[in-house]
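> Sequence:
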Amino acid sequence: MVLEVALIDVTPGREAEFAEAYREAVPELRGTEGCRSVRMTQGVETPSRFVLLVEWDSVEAHEQNFRATDRYGRWRGLIGPFFAGPPRVEHFVDVPAS
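Per full-length UniProt numbering, the very first residue in the sequence shown carries number 1; after that it's consecutive.
Worth flagging that the hints you see were computed from the coordinates, not collected in a lab.
Glycine is no exception: its CB is placed at the ideal position from the N, C-alpha and C atoms.
Check the hints yourself; a few may be wrong.
The following label-pair restraints were derived from C-beta to C-beta distances [what the hints assert, rightly or not]:
1. P27 to D57: 14 to 20 Å
2. G73 to T46: 24 to 30 Å
3. E60 to G13: 34 to 40 Å
4. P12 to V93: 30 to 36 Å
Sequences and hints are given; from them, build the entire structure.
Structure below.
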């Protein structure tokens, strides 16, 4: 399992519109093969900053099953207009505790 972390800065004042667009767009992600879970969080100190957390079976599941498909185009078309700049996206794996 890998965790996709996307730091998204939204144009200030458009947070509510972005949240509504996310609610409309999230089925595109959730319906993708290899997507295990999706969660969006909003900053407390910086309300125009959002963090998207997506658990994928693998980086390949993210890139091939989502980013390389029409699903990604529809997703980006709905939420992209609210971006203040390009999101920063990285993948992470768990560090074993023992």
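> Hint by hint, note whether the structure agrees.
Hints and how they fare:
no. : hint                   : result
1   : P27 to D57: 14 to 20 Å : holds (19 Å)
2   : G73 to T46: 24 to 30 Å : holds (28 Å)
3   : E60 to G13: 34 to 40 Å : holds (38 Å)
4   : P12 to V93: 30 to 36 Å : holds (33 Å)
Violated hints: none; the structure is consistent with every hint.
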